[in-house]
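Student: Spelled out, the chains give:
Number of protein chains: 2
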Amino acid sequence: MIKIALDAMGGDFAPSSTVQGAVEAIKENSDIKIILVGNEEKINEELRKYSYDKEKIEIIHTDEEILMKESMPPALAVRKKKKASMNIAVQLVKDGKANAVVSAGNTGALMTASQLTLKRIKGVLRPAITTIFPKKNGKMVMMDVGANADCKPEYLEQFCIMGMEYAKILLEIKNPKVALLNIGEEEGKGNELVKQSYELIKSNSNINFIGNIESREMLTEGKADVVVADGFTGNIVLKTAEGVAKTIFDILKEEIETNFLYKLAALILKPVFKTVKNSLDSSEYGGALFLGLNGISIKAHGNSNGKAIKNALNVAKKFAESNFIENIKESIDKKERVGGLK
Amino acid sequence: MIKIALDAMGGDFAPSSTVQGAVEAIKENSDIKIILVGNEEKINEELRKYSYDKEKIEIIHTDEEILMKESMPPALAVRKKKKASMNIAVQLVKDGKANAVVSAGNTGALMTASQLTLKRIKGVLRPAITTIFPKKNGKMVMMDVGANADCKPEYLEQFCIMGMEYAKILLEIKNPKVALLNIGEEEGKGNELVKQSYELIKSNSNINFIGNIESREMLTEGKADVVVADGFTGNIVLKTAEGVAKTIFDILKEEIETNFLYKLAALILKPVFKTVKNSLDSSEYGGALFLGLNGISIKAHGNSNGKAIKNALNVAKKFAESNFIENIKESIDKKERVGGLK
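Protein chains in written order, with the numbering used here: chain A, 749 to 1090; chain B, 749 to 1090.
Watch out, some of these pointers could steer you wrong.
Pairs involving identical chains hold if they fit within one copy or between any two copies, as the list cannot separate such chains.
To be verified - Below, simulated DSS-like cross-link-like pairs (lysine-lysine); rule was C-alpha separation at most 25 Å, straight line:
hint, residue 1, residue 2
1, K971, K817
2, K884, K994
3, K937, K817
4, K797, K1018
5, K937, K971
6, K802, K817
7, K884, K900
8, K804, K831
9, K1022, K1001
10, K867, K937
11, K900, K797
12, K845, K870
If you're looking for bench data, these hints aren't it; they were derived computationally from the structure.
Construct the entire structure; sequences and hints are all you get.
Tutor: As structure tokens, then:
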């Protein structure tokens, strides 16, 4: 039985979304148990809306919670609110009482809580945040999307290794292809960080490295399964993608409103627009993982609905069942160099 | 009379696109003259398709041209093919025989040719490439989108100054608002480069600085008229935007194809889709400018059609008529510091 701790108070629509997600997840999976951490009264109020197997859901009560918009910095909130639902949920993983934790709460807070409590895997220089992007004929993993604004080549090399292990499980690909995000495809392109990282990654025979990739082609051609960047660049890519998608749909909506016939046609195309939107929505894929920590900590999107929470719980299960952490440990230790580098 | 040198052989559809653009531009503007540089025979073949004022178009013949996909690096091609249409067109500006140059040819080559021939404005540390983005209720300028992969805070400070002068003319805004592209809005966020640049920019009282902006909000909220980034990050933003837009339209097309009714509705919405596409297409706004050079050099998109070339020629005219270069010179010289910095 896999046990997953869920921060019941985390997210824009919590605890309604989290409780719904938990109930749906236990219906879909016979072999998981969810531990809901948060205000017992509020959780029970939501739970009363469903019929479900009561053996599969446990509640751990706490009054404290970390808000989506804390007045203090998230890292401080984590340290001050020791009894916050998020902190307790993460601690359950540390104590071996849960196999994974899921939260749709404040990203910075979850990162801090996870790092402080779970600690890094031995040998990992920096943990990274992942995201999923749609690409031609599939999905891909990108990282780091925000944990490390300043990186060294050695960090990016490890992101490649961890990204491969992540993609093996999440995307179910045997030997994921890894590319370095760059502003040109040829070797020797890019800024200093990328140029140095290229050399290092190329020389590591355990990385299935296909070279540089541009942010346009990584989406439209989709040759890579894992794309690696520093946390500043990765975060910019993620937010640009969100901004462009929103801009397109905003202009589309505005234009459609100008004409009755357009409105009618748009009504017919509603399912199409929905498919397009969903295929771009990373929360559809079950949230982001903090890669490199000694425990499975999954961040669902802040605006997750019940379905998105359920997806995140499913992903948590997938990783909890695998040898993910051990595999990263092993892959990091292997340092077989080819060519000139030692 | 403003004279604009046009690289008639540059671009995917040259010389058909360039000749068409030139003819349209002289019809729209009574006070410009276009110098078409390239293969005279091929140019005349295209010109014969139109009736136009022959006084307004001049041809300078050359057999050489820089290809869109040169086998050698663009910078080398510029040096080797001294008689290439692009080189001659840029030289006309240097020699005072033209007030501006426009090319839809190889970007790297035009940048090299422009830098080598026109040189930097005195005091400018690094020239930058600009682009135009759509934003909520208008347009904005972004730079650097690729000239400088590695930047120093001093470069970014100057990009702000040059970007303001650029936006004043292009967007016709009196006191453009400048923001720094970052992964958070608060001061103190970001990587080392951005943190240091923030301090420097904030202390320069000639910059109308509104602080950090995220790549999502710069599009969806549109608070800034000028957004500044290093050339690596800026290029990644540009290419991500192109990739996301293409992905959205690809998925849309694919979904529409699945059902006859969808196809019909899409037919009705065709003008809407076209408007959305156009509003995202930076070539609609007349191309990118190499900011900081001692002459006006405008890069039209490689896949420019006649209309896009005409737009680029119109922008070239706008800048040629202004005191753009002198204004940059003056603004760069002014270094009024507030606060702790000298």
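Student: Next step is simple, just say for each hint if it's right about the structure.
Tutor: Hints and how they fare:
1. Only between protomers do K971 and K817 lie at most 25 Å apart by alpha-carbon distance; the minimum there is 22 Å, versus 38 Å within a single protomer.
2. Taking CA atoms no more than 25 Å apart as the test, K884 paired with K994 passes in both settings, with 20 Å inside one copy and 11 Å between copies.
3. Taking the shortest Cα distances, K937 and K817 sit within 25 Å of each other only across copies (17 Å), while inside one copy they are farther apart (40 Å).
4. For a Cα distance limit of 25 Å, the shortest separation of K797 from K1018 qualifies neither inside one copy, at 30 Å, nor across copies, at 45 Å.
5. Taking the closest pair of Cα atoms, K937 and K971 come within 25 Å of each other only inside a single copy of the chain (19 Å); across copies the shortest separation is 33 Å, beyond that limit.
6. Within a single copy, K802 and K817 get their C-alpha atoms no closer than 33 Å, and across copies no closer than 66 Å, so neither meets the 25 Å cut-off.
7. Neither within a single protomer nor between protomers do K884 and K900 lie at most 25 Å apart by alpha-carbon distance, with minima of 30 Å and 36 Å respectively.
8. For the identical chains of this complex, K804 and K831 are intra-copy neighbours only, at 24 Å inside a copy versus 78 Å across copies, given an alpha-carbon limit of 25 Å.
9. In this assembly of identical chains, K1022 and K1001 lie within 25 Å of each other by CA distance both inside one copy and across copies; the values are 13 Å within and 13 Å between.
10. In this assembly of identical chains, K867 and K937 lie within 25 Å of each other by CA distance solely across copies; the values are 24 Å between and 35 Å within a copy.
11. Taking the shortest Cα distances, K900 and K797 never come within 25 Å of each other, neither inside one copy (50 Å) nor across copies (58 Å).
12. Proximity of K845 and K870 under a CA criterion of 25 Å is satisfied intra-copy only: 21 Å inside one chain copy versus 67 Å between copies.
Going through the hint list in order, the structure does not satisfy hints 4, 6, 7 and 11.
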